[in-house]
Amino acid sequence: MNVFQFIVQNRSEVVELTLEHLWMVAASTLLAVLVGIPLGVLITRWPGLNKLVLGSANIIQTIPSLALFGFLLPVPWIGARSERLAILALTLYALLPLIRNTYAGIKGVDASVLEAGRAMGMTGRQLLFQVELPLALGVIIAGVRVATVISVGLATIAAAIGAGGLGEYIFRGLAMVNNQLILAGAIPASALALLADASLGWLEKRLSPG
Amino acid sequence: MSDSSKNGAAIEFRNVSYSLSPGHELLTGLNLQICRGETLVLLGRSGSGKTTTLKLINHLVSPTQGEVYVENRPTTQWDPIRLRRGIGYVIQDAGLFPHFTVERNIGLVPTIEEWPAERIRQRVRELLLLVGLEAGLTGRYPRELSGGQRQRVGVARALAADPPILLMDEPFGALDAITRAELQREFLSLQKRLQKTVVFVTHDLREALLLGTRIALMESGQLVATLAPQEFAGSGDPLVKQYLEAFGAAPSACADRGIE
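Chain order of the listed sequences is A and B. The first sequence: position 60 = 51 (the numbering used here), numbered continuously. The second sequence: position 126 = 114 (the numbering used here), numbered continuously.
To be clear, the hints were calculated from the coordinates, so they are not data collected in a lab. Small disclaimer: the values here were computed from a predicted structure and weren't measured. Ideal Cβ positions, reconstructed from N, Cα and C, are used throughout, including at glycine. Errors might be hidden in some of the hints.
To be verified - A few chain B residues facing chain A, derived, Cβ under 8 Å:
#1 Leu48
#2 Ile69
#3 Gly83
#4 Phe85
#5 His87
If we strip away everything but chain B, and leave its shape as in the complex, we get:
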């Protein structure tokens, strides 16, 4: 990807709208800058446009209006294949290929990028270590793994070619509370080391407060507010208040303890 820009934005939405059909807008007039190295959390309920926002970044969907800039270049002008290979993608049920072993799943992007076999093997070993999986799992199939292991493989696969940007769509949503807390902690320490630009979708306020450097609150296809986690409790926005009420406990305490 191109060298660093003046404004430091890795991703920028400029007045972006997206509609499936005329009159049915999923996203309206989105303006948002995502800085290099930050973890921006898109928080909102189902149907608020979070996932659509995410898919606009790697051009899985095309904006109906406006432009999404990745590395200062509109996604519509990127070769979609090149764009996507530079962006890691993690989804809720991991989306692992059921007919590929763990090793082939993780090595997918390096393989289609035609890295030499030995380098791929080495990279897979590195990644397993990075996401806390035993090296003995390489020959397993996804169905032979636990939910937490599958999600770790999903993260490893997204990181395989060392992309500068990582998109995560409720990656820990389907996990039990304990495994989720474990993966959240590991995500934080991993992110401290790797400093990727992360866009993280969740509907869980606690997760948002814990993981995000900034939180973009979305509702009905619109961006309501962009706040730092510590600003959240003090915000007067009615929607923010609704969230705080819905999630009960004082959110700042949750964020400090890092558990649910």
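The following block holds chain A by itself, in its conformation from the complex:
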């Protein structure tokens, strides 16, 4: 039986695992956006925090994913359900590209534009929301894109702690030494990653000013 026959025969399970996978990626990316963009803005305002925030996000990035799942296991409420745990871990991994790109995007705004805005009496808030964030949007979306693609891949490992998703097939396939099964998880996961990359790439292009 080849992979595609397997996928067709088990389509309801494939769909279910794909949706689980998508849910983990979407929820964690959304959380990372909600935390990462404000953090990125924060370090443009207080450059003193720059090293601390980017450094921490960098360190998180270096923790092997299985180890991170393990570290988070004893955390109350989070550790109680593997799905929560997986979402938190994926969120932590997605933070770095978001913080870094928000920071770089805002720092990249033309100084003369900012000066003109300030000189015309725009408040800090008006500058941020009407000038800096809109002009940084393309770079920020590029960060979301990187984070999402990384998440789709990382989310397969969440199956190791029983959080479901397409990693189920991969781990099952590894245990049974069954390449078809591994591919049944890997192919839809790759397709998801490509799809996310393409659609966010399109959005990035649409929203980039100039």
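Given chain A, work out where chain B should sit, using these hints.
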């Protein structure tokens, strides 16, 4: 802004110094009065403190020593937002918002001042006419304009809320000679009608002689002399002589012809 003062100075520098760090002074002991309705040109080479002087007026930088008075009130006591909304600002590369159309760029201050939409639209139309731009340009983005058009939009944007004071930092510096001459002429006729208090920064002596009612010559963070354009050629100051030599042709003739 407050009513007219006794001395007629719209802006006054009282013993103003500015330094980035101790021992690194960009401006030293500046005393200068700028009268209502005049065009004061700050002339000097790069790094002489012209732009810093300009930025002290709208409190983009704070004096390290002394006070800058705008409408008889130190800038440090103004709400910076209110102060800046009453002062137009034009810079070399216009500093237009690349993601705003011409209309939104020009209407920026009226918009943040929360004018009604119809009044803003009307004001934008008025301003386009005033600076010699076609009404059809309102929907364009800055990247779709020529350098001269962008600079006109910059001037229109600075004038939008009809501020009594206008600060211009080498506004025509990046333009080609012909466009620059055109904008200089238009500036003169505009200024004749509007009678704003203008502080104009340039390193170009001819531009200074052409546009200024007075010229404040700056060097190494200090004010060297304040002269009327017609006094310039006769001044014995060595720095003035240097300028006259550097710019070659008899400057008074340049000023009369109004071209380069």
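Results for each hint:
At about 6 Å, the closest approach between the beta carbon of Leu48/B and any beta carbon in chain A falls short of 8 Å, and the interface hint on this residue holds. At about 5 Å, the closest approach between the beta carbon of Ile69/B and any beta carbon in chain A falls short of 8 Å, and the interface hint on this residue holds. The beta carbon of Gly83/B comes within 3 Å of a beta carbon in chain A, closer than 8 Å, and the hint placing it at the interface holds. Look at Phe85/B: its Cβ gets to within about 6 Å of chain A, closer than 8 Å, so that hint holds up.
Because the beta carbon of His87/B sits about 4 Å from the nearest beta carbon in chain A, less than 8 Å, this interface hint is met.
Hint check: no violations occur; every hint is consistent with the structure.
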